[in-house]
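Put together the whole structure using the sequences plus the hints.
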Amino acid sequence: MNEHKLIVSTSPHIRDPINTRRIMCHVIVALSPVTIYALVIHGLSALWVLAASIAGAALGDFVMQKGRRIPVTLDDCSAILTGLLLALTLPPRLPWWVAGIAGLAATILGKQMFGGLGHNIFNPALVGRAVAFVSWPAYFATGYAKSAAIGIANTATHKAIEGTVDIVNGASPLAAMKYIYDGAAKAPQGLFASNYYKPLLLANPWGCLGEVSALLLILGGIYLLATRVIGWRITVTYVGTVAVLTAITGRDPLFYTLAGGLLIGAIFMATDYTTSPLARRGKVVYGVGLGVVTWLLRFWSNNPEGVMFAILFMNALVPLIDRYIMPRRYGSAGEAKEVHSS
Amino acid sequence: MGRTSGLLYRIRGGVHPSDSKEPSAGKEIRRIEAPATVTIPMRQHIGAPCVPRVGKGDEVLVGTVIGDSEAFVSAPIHSSVSGKVARVAPQPHPAGGEVLAVIIENDGSYRRDPNLEPPGPWEDMEPERIREAVRAAGIVGLGGAAFPTHVKLSPPGEYPIDTVILNGAECEPFLTSDYRLLLEEPDSVLEGIRIIMRAVGARRGIVAIEDNKPAAIKAMESSARGSGIEVASLRTRYPQGAEKVLIANLLRREVPSGGLPMHVGVVVNNVGTAHAIAQYFSQGMPLVERVVTVTGSVVREPSNLLVPLGTSFAHAVEACGGFTEPPGKVIMGGPMMGLAQHTMEVPVIKGTSGILALSREETGYSVPAEPVCIRCGRCVDVCPMGLIPTYLGSYAHNEKWDLLHRLHIEDCIECGCCTYTCPTKNPLVQLIKTGKAELARRKQQADRREAERREAVGESGEAGKDE
Ligand code: SF4
Ligand code: SF4
Chain E
1 MNEHKLIVST
11 SPHIRDPINT
21 RRIMCHVIVA
31 LSPVTIYALV
41 IHGLSALWVL
51 AASIAGAALG
61 DFVMQKGRRI
71 PVTLDDCSAI
81 LTGLLLALTL
91 PPRLPWWVAG
101 IAGLAATILG
111 KQMFGGLGHN
121 IFNPALVGRA
131 VAFVSWPAYF
141 ATGYAKSAAI
151 GIANTATHKA
161 IEGTVDIVNG
171 ASPLAAMKYI
181 YDGAAKAPQG
191 LFASNYYKPL
201 LLANPWGCLG
211 EVSALLLILG
221 GIYLLATRVI
231 GWRITVTYVG
241 TVAVLTAITG
251 RDPLFYTLAG
261 GLLIGAIFMA
271 TDYTTSPLAR
281 RGKVVYGVGL
291 GVVTWLLRFW
301 SNNPEGVMFA
311 ILFMNALVPL
321 IDRYIMPRRY
331 GSAGEAKEVH
341 SS
Chain A
1001 MGRTSGLLYR
1011 IRGGVHPSDS
1021 KEPSAGKEIR
1031 RIEAPATVTI
1041 PMRQHIGAPC
1051 VPRVGKGDEV
1061 LVGTVIGDSE
1071 AFVSAPIHSS
1081 VSGKVARVAP
1091 QPHPAGGEVL
1101 AVIIENDGSY
1111 RRDPNLEPPG
1121 PWEDMEPERI
1131 REAVRAAGIV
1141 GLGGAAFPTH
1151 VKLSPPGEYP
1161 IDTVILNGAE
1171 CEPFLTSDYR
1181 LLLEEPDSVL
1191 EGIRIIMRAV
1201 GARRGIVAIE
1211 DNKPAAIKAM
1221 ESSARGSGIE
1231 VASLRTRYPQ
1241 GAEKVLIANL
1251 LRREVPSGGL
1261 PMHVGVVVNN
1271 VGTAHAIAQY
1281 FSQGMPLVER
1291 VVTVTGSVVR
1301 EPSNLLVPLG
1311 TSFAHAVEAC
1321 GGFTEPPGKV
1331 IMGGPMMGLA
1341 QHTMEVPVIK
1351 GTSGILALSR
1361 EETGYSVPAE
1371 PVCIRCGRCV
1381 DVCPMGLIPT
1391 YLGSYAHNEK
1401 WDLLHRLHIE
1411 DCIECGCCTY
1421 TCPTKNPLVQ
1431 LIKTGKAELA
1441 RRKQQADRRE
1451 AERREAVGES
1461 GEAGKDE
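From first to last, the protein sequence lines stand for chains E and A.
Each residue of the first sequence is one higher than the one before, counting from 1 in this note's numbering.
Each residue of the second sequence is one higher than the one before, counting from 1001 in this note's numbering.
Treat each hint with caution, since some may be false.
No more than 30 Å apart at the CA atoms, straight line, and that leaves these computed lysine-lysine pairs for BS3-like [unchecked claim]:
hint	chain 1	residue 1	chain 2	residue 2
1	A	Lys1218	A	Lys1027
2	A	Lys1400	A	Lys1443
3	E	Lys159	E	Lys198
4	E	Lys5	A	Lys1425
5	E	Lys66	A	Lys1425
6	A	Lys1425	A	Lys1021
7	A	Lys1433	A	Lys1021
8	A	Lys1400	A	Lys1425
9	A	Lys1436	A	Lys1400
10	A	Lys1433	A	Lys1400
11	E	Lys5	A	Lys1021
12	A	Lys1433	E	Lys5
Computed beta-carbon distance windows for the label pairs [stated by the list, open to error]:
hint	chain 1	residue 1	chain 2	residue 2	range
13	A	Ala1215	E	Ile222	35 to 43 Å
14	E	Gly115	A	Gln1444	30 to 38 Å
15	E	His119	A	Asp1402	19 to 27 Å
16	E	Leu317	A	Arg1448	43 to 51 Å
Simulated from the structure, these hints should not be mistaken for laboratory data.
This one's a predicted model, so the numbers in the text were calculated from it and none came from an experiment.
We put the CB at the ideal spot given by N, CA and C, even for glycine.
Dropping the structure here:
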């Protein structure tokens, strides 16, 4: 027997096969239907945005890791995922170089500056988007498509909606509704939030790449739940809070759930491990907080959308949440009683 | 309370590795012969080690006391064979390092020590006499922890015990020795729990079994019918068999931090321990052999063996047809908490519930040089104690001792769920163990300094008060 060759290490001696790369790949798989569909709907310009954003994110990671003389970890797929997520939050008509810069910003500013994977405070993809959004706001106002430009989404419903919102040229559904509710524009006749349900679920050309189909995002979310990559808490409490507050405000909760970045944010961004709380209870608090901030931003700021800044804002609170909202410790109830009776 | 409770109890946290019990679960317990020499270490339990009571050249018989101790937390050690003491010398021990051991040349006749006698019927025996008998039999916790059983059966008066739980969860993957005992010897297990209940004055007795062992549950239920002993079926999930988890799930009671089961009126024993107690009361033979599951992908015929204590791992594996290929790792116990061995020449001891041999591939995961945490929260979700393993691991790594204490590192039961589940393969429980040891060392040091200071000041307590 080759005794001297026995491996001696401490327990446990078996490991769950899960690893970082698998997790990242699961998320990429979950995002692939909506990505492919976005390419189909938006065509070549979307492909450039996607390619530039992923290339930028990967390059950012590579350069920083080389510069810091630490192992390059492109093989864990995390930079690729960051680039993909970023692309899905960008307008399809964005110039490719803006997408590329956003990608670089995502991994350099959003991740490596903080010390790399696991150390960043803010969601890297959203940091990249925020940089582009603040630097070139015009592209985010007009970078959206109209259905006339894209064959597949050009249905009668789409034409009808675009006919009515022509006054607010190129408006995303959220923007259109904001104009209407704020009274900034005369309510287009016959346009209701409910007219949007179907396009939002199935083919929505008036938004960022990832907003093309709420249905595909939800399917992706179900896949992540089933593979246990994410839990339900953040997503459900986030969307639930937005829906409830929206209903209380007297607006259409389903529309406000499906429109804009809420679903992609709640399913894929807010659930980012590094930038969300560790414990389950903390996740609930975080989700509710996200909902409240999103609602505030959407209805009480000048911007129709609020998901990006809500997530970035709540990201900043995560250390605080982690500090004060811990899991219930076994045996802590007994201690409390003892203290009480003594 | 003749009925059995068919409830499925939930566990908080925990993990669900493949149970891998299939290779040995169907194998009846088979007694094997001891090798030509047995090596019986003088430390086979938690507490004070034994002092050898025999020397080179002494004749011993099966059941002869060969080591004992004056300490309360200790248990005597008996010879598992008849023959002659060859030597008393330090030998490799399965818990690491070298430990003084009595090495006996087995004469192969297994003559029984004539002084051995059953202690008499337990039904109307004083609890104190039962405890003495349990101690005399050298019985310790056979689940692996090896805590002297008579100590567990001696709760101080201020902690009345109402419930005895027999732990048959056997939540470690691969191991099947408790399962086989429940299946083959349910009556003896039942007898054992009743003896324990009498010793501690408990009215309620529960045999707890995970629901991946339906045959054992059935056997135990039919044996327990009409006895008042309950059989509880537990949801299969590691570490369902950890004392604190078991108590919480069965009784909805939580052992306070730093406390023992007796603080909530409970005594937990392993089914093997109960069986050993019952055996002693019926046969008068102390603990000289135990059931050991020999299993793993590289063992030719995974089996459940009744092994004389002191038998080498190599001999036990030989009795199972040997290895099909050189093993990568040999573990005493299960894969979650067991101890990796560096030689096959270590002996089977009282705490050896299994010998697990894994192939090189199975153990070939890489551990990162520098722990990385992607903050996925998995370790937090699986920790049955409600701790935050990732913080504990990183604070231990960075030597932030006071933070470790603030996060209750001492509550960690070292189940290993956090390490098992971590996607970045952080050696969390390893780091936590180091942190715990260091904290304990510092506390000891501080206590000693404090004592010295008091001595110097010449008073006994007031000096330290105003700090
Ligand atoms: S911290 Fe301790 S008790 Fe919690 S999972 Fe890890 S080893 Fe188990
Ligand atoms: S399981 Fe590993 S990666 Fe996940 S939070 Fe715990 S230590 Fe970090």
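Structure-based check of all given hints:
no.: 1; hint: Lys1218(A) to Lys1027(A); verdict: 18 Å, holds
no.: 2; hint: Lys1400(A) to Lys1443(A); verdict: 14 Å, holds
no.: 3; hint: Lys159(E) to Lys198(E); verdict: 13 Å, holds
no.: 4; hint: Lys5(E) to Lys1425(A); verdict: 23 Å, holds
no.: 5; hint: Lys66(E) to Lys1425(A); verdict: 24 Å, holds
no.: 6; hint: Lys1425(A) to Lys1021(A); verdict: 25 Å, holds
no.: 7; hint: Lys1433(A) to Lys1021(A); verdict: 28 Å, holds
no.: 8; hint: Lys1400(A) to Lys1425(A); verdict: 21 Å, holds
no.: 9; hint: Lys1436(A) to Lys1400(A); verdict: 12 Å, holds
no.: 10; hint: Lys1433(A) to Lys1400(A); verdict: 14 Å, holds
no.: 11; hint: Lys5(E) to Lys1021(A); verdict: 26 Å, holds
no.: 12; hint: Lys1433(A) to Lys5(E); verdict: 25 Å, holds
no.: 13; hint: Ala1215(A) to Ile222(E): 35 to 43 Å; verdict: 37 Å, holds
no.: 14; hint: Gly115(E) to Gln1444(A): 30 to 38 Å; verdict: 36 Å, holds
no.: 15; hint: His119(E) to Asp1402(A): 19 to 27 Å; verdict: 23 Å, holds
no.: 16; hint: Leu317(E) to Arg1448(A): 43 to 51 Å; verdict: 44 Å, holds
In summary, this structure violates none of the numbered hints.
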